[in-house]
Every structure is written in structure tokens, then in C-alpha cells.
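Work the whole structure out from these sequences, hints included.
Quick mapping for you: the protein sequence lines, in order, are chains A and B.
For what it's worth, my numbering labels the leading residue of the first sequence as 1, then goes sequentially.
For what it's worth, my numbering labels the leading residue of the second sequence as 318, then goes sequentially.
Since the hints were made in silico from the structure, they are not lab data.
No incorrect hints appear here.
Computed cross-link-like contacts, EDC-like style, restricted to lysine to aspartate or glutamate with a CA-CA straight-line distance of at most 16 Å:
{"id": "1", "chain 1": "A", "residue 1": "K101", "chain 2": "B", "residue 2": "D332"}
{"id": "2", "chain 1": "B", "residue 1": "K414", "chain 2": "A", "residue 2": "E122"}
{"id": "3", "chain 1": "A", "residue 1": "K145", "chain 2": "B", "residue 2": "D413"}
{"id": "4", "chain 1": "B", "residue 1": "K319", "chain 2": "A", "residue 2": "E63"}
{"id": "5", "chain 1": "A", "residue 1": "K36", "chain 2": "B", "residue 2": "D332"}
{"id": "6", "chain 1": "A", "residue 1": "K125", "chain 2": "B", "residue 2": "D413"}
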Amino acid sequence: MNRTNRRQVLKGGAAMAGTAAFGFPAIVRAQSASIKVGHLTPLTGFLGALGAYAQMGIKMAVEEINAAGGVNGRKLDLVSEDSVNPATAATKAQRMYDQDKVDILMGEINSASALTIMQVAERNKRFFLQIGARSDALRGKNCNKYTFHMDIPNTVMVNAVGQALMRDNMVKGKKFFTLTADYIFGHDLLAAAKRFFGANDGNLIGNELIATDVTDFSPYLLKVRQANPDIVCCNLAGNQVTNLVKQYAEFGFKFPLVGFNLNTADAWAAGEGNLPAPGRRSGITRSTCRRRRPSSTTSRRSTASRPRTTPGSSMSR
Amino acid sequence: MKVMAQAMSEIKDTDNNKLIAHLEKQAEFDILKGRKGHFRNWDHQLMQEAYPFTVKAKGQAKDKWDLLALGPAVPGANQPLESIAPTREQNPCNLDKA
Numbered sequence: 001m002n003r004t005n006r007r008q009v010l011k012g013g014a015a016m017a018g019t020a021a022f023g024f025p026a027i028v029r030a031q032s033a034s035i036k037v038g039h040l041t042p043l044t045g046f047l048g049a050l051g052a053y054a055q056m057g058i059k060m061a062v063e064e065i066n067a068a069g070g071v072n073g074r075k076l077d078l079v080s081e082d083s084v085n086p087a088t089a090a091t092k093a094q095r096m097y098d099q100d101k102v103d104i105l106m107g108e109i110n111s112a113s114a115l116t117i118m119q120v121a122e123r124n125k126r127f128f129l130q131i132g133a134r135s136d137a138l139r140g141k142n143c144n145k146y147t148f149h150m151d152i153p154n155t156v157m158v159n160a161v162g163q164a165l166m167r168d169n170m171v172k173g174k175k176f177f178t179l180t181a182d183y184i185f186g187h188d189l190l191a192a193a194k195r196f197f198g199a200n201d202g203n204l205i206g207n208e209l210i211a212t213d214v215t216d217f218s219p220y221l222l223k224v225r226q227a228n229p230d231i232v233c234c235n236l237a238g239n240q241v242t243n244l245v246k247q248y249a250e251f252g253f254k255f256p257l258v259g260f261n262l263n264t265a266d267a268w269a270a271g272e273g274n275l276p277a278p279g280r281r282s283g284i285t286r287s288t289c290r291r292r293r294p295s296s297t298t299s300r301r302s303t304a305s306r307p308r309t310t311p312g313s314s315m316s317r
Numbered sequence: 318m319k320v321m322a323q324a325m326s327e328i329k330d331t332d333n334n335k336l337i338a339h340l341e342k343q344a345e346f347d348i349l350k351g352r353k354g355h356f357r358n359w360d361h362q363l364m365q366e367a368y369p370f371t372v373k374a375k376g377q378a379k380d381k382w383d384l385l386a387l388g389p390a391v392p393g394a395n396q397p398l399e400s401i402a403p404t405r406e407q408n409p410c411n412l413d414k415a
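So, in C-alpha cells, the structure goes:
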């Protein structure tokens, strides 16, 4: 991807040089005619599955817009790359402004990478549309003049799920155990959850911070079993959510799993059969929670142990 | 992308300062939801409907994208979009800081 872009830049450079030497103004006009759109999103790592959907989405939008004639008669020219991690995201953002000469920059899912790109945008006094990161801090204490935010922030997610839990009498006097992604997104989601429990007489009895590359959740689930909560809350992100949900069922817990973060793309990534389907005895519906019935370890896929309830989740992006 | 396309066509420009000024006027955008959305001028957060969902029972999905059954929009049609967003008191954003 990178190499292709570099090659295109080189070709572009050669064309410009040719223009200067031989004077083909038409080529200069053609070069400046398109609107260059820079897009950064994680395509690798724990948010890579979500990023692949983001890239698919923006490509579809660009194709549709160009097929309809572009913007102000100019075609969109998309440069979409893997943002990898916060440091690389910042470097690539700077390169897109300086070398790729993007007219507008957009993207992200990872709150930590979104934060570093926002800082680059502010330093360069350039626009950045932050599409998919949910940390409250990005539009709160770290907000800046150059960045706009599309996605729904953590506090709003917690409040929305919280309303559904309250409706089902699952907050007051209940013991909660939270599993939290150990980076800015999870920290800030945990803070929102704590405010919610505090305001509504929920009792947080334990929390585990979990590194974003963890795939085996059994050590954390053993701690959950020991703590014996009423409700387990998932403040995880990306692949963490998908892996936890699959492993949670194997532990056969009696306490429901509630997700403050689950969204359309997480559901697509998990795929049919890996998300609990709604059942007749569903306690919670239309909340951002998911809940599984205790199931045996051997027959997760059998009808008898199939999860009966689901409270689905959150927001479509 | 479509929000940006609409904004750039409304200002007939790609100038980043003009774009920011336009969005800060709380211009309304079609965001493929029931109600249009706008960016709140003091924290640049998009004000929009949310759709809580449940998961369809196995076998009911038409294809691999059709897993979810959307519930009614939050906030309801008669409530302002801002009603689910943090207030100025709750959100410590200051866009004018040096």
C-alpha cells in the first residue's frame, strides 16, 4: 500500500517535472482537479477487524460520490492506510498533510491514535474529521478547534445502556464486576460507568484492566468467578469483545454479561451464531447488554446450551 | 465521507478554515438516519440519533450483514437530539484555549 503510494507520488513528481520542462498546462490542471482525501484507520491489531469495515465503507462512499460526478465537479481521490498505532498514526497524518497534500483528513477507531492525530491537526492548523473513536476526553478536555467527532461518545453509550438496565431493575443494590480495555478508551469508559453506578446505587466490587492484545480471558474469568458479582460489564474493544463473548459462555456463569461497548461492526465481526440470540425469557432487551444463559462447556453449539437472551447492544454507527 | 462531500459542495471549497466555520454554524447533514445531524458548535460533537438493537434469532438473518434488529431511535422524535449528550457542565471542552 505504502509502496504503491510512494510510487504514485514519484510518478506525480515526474509528471510535474515534465510539465515544467515542456509546458503542458493541461496536466497541471488534471493534477489539481481531484480532491485528495486522506483516511487513516487501524487495519492490524485488536481493532483491525473494525478498521477493515471502515475502509470498505469509505471506499464505497467515494465510489458512489465519484459515480455521481464528484464534488463541485471534482473527483475524490482517496488515500486510505493502516494507522497501526498512536505513534505511526501521527507520523502518517503529518505525511498526508505535507507530502500527499490531502485536502481533508479523516478516520480512526482507536481513541489513542485519534488523540495523536488530533494533536498533529492542531499543530498544522488543519482539519481532521474523527470518525470512530469514543473516548469522552477527545471531545472533552482534549478537544481542539480543528477536530470534529462523528461517533457517539462513551458517556452517552453508558447512559443509554444504563437506562435499559434501570428499566429492568438491574442496577440498584447490584454487585458489578467490570473488565476494562487498558488504554484511554477503556479508562474513560470505566470512569463513565463508575459515575453511573455511583449515581444509581450500583456497587462496583471489582475491575480488571486488560491489555489490548490479550486473547485468553480465562485468568480474568477466574477472578470474576471468585468475586461472585450479580452482573459482569464489558468495557473492552474490538477483538477483545469478540474473544471474551466466546469464552464467557464456556465458563457457565450464572451472572449476565453486559456490554457498554458493542456495535454493529463488532456484531458483524463475531458473525451469526457467536452472538446470543433473543429468547422468550429475555430479561433485558434493546439495551447495550448481552446476556448469556449458563451453558455447559461441551455443548456450546447445541440447542440446549444456546444462549437464550440477548440484549443487544448499542448504537449503529 | 458523504458529510464532508456535502459540506465541501455547500461551501464550494476545500479550504479547511472555511470548512470548520461552516460546520460550526451547525449545518445539518443527512447521516443515513431518521433525523439529520449537526456538529455542536462548542465541542464539535455530532448530535445524532442512536438505535439500540437486539440480535436476531439464528436463521432469521437474510445474509451476513443482517444480524441485528434495530429498536426505536433514541432520543424519541419529540425530544431534542442534545438530550442524550453531555451538557456544558459535564463536558470540560474549551475550543478557544490557547
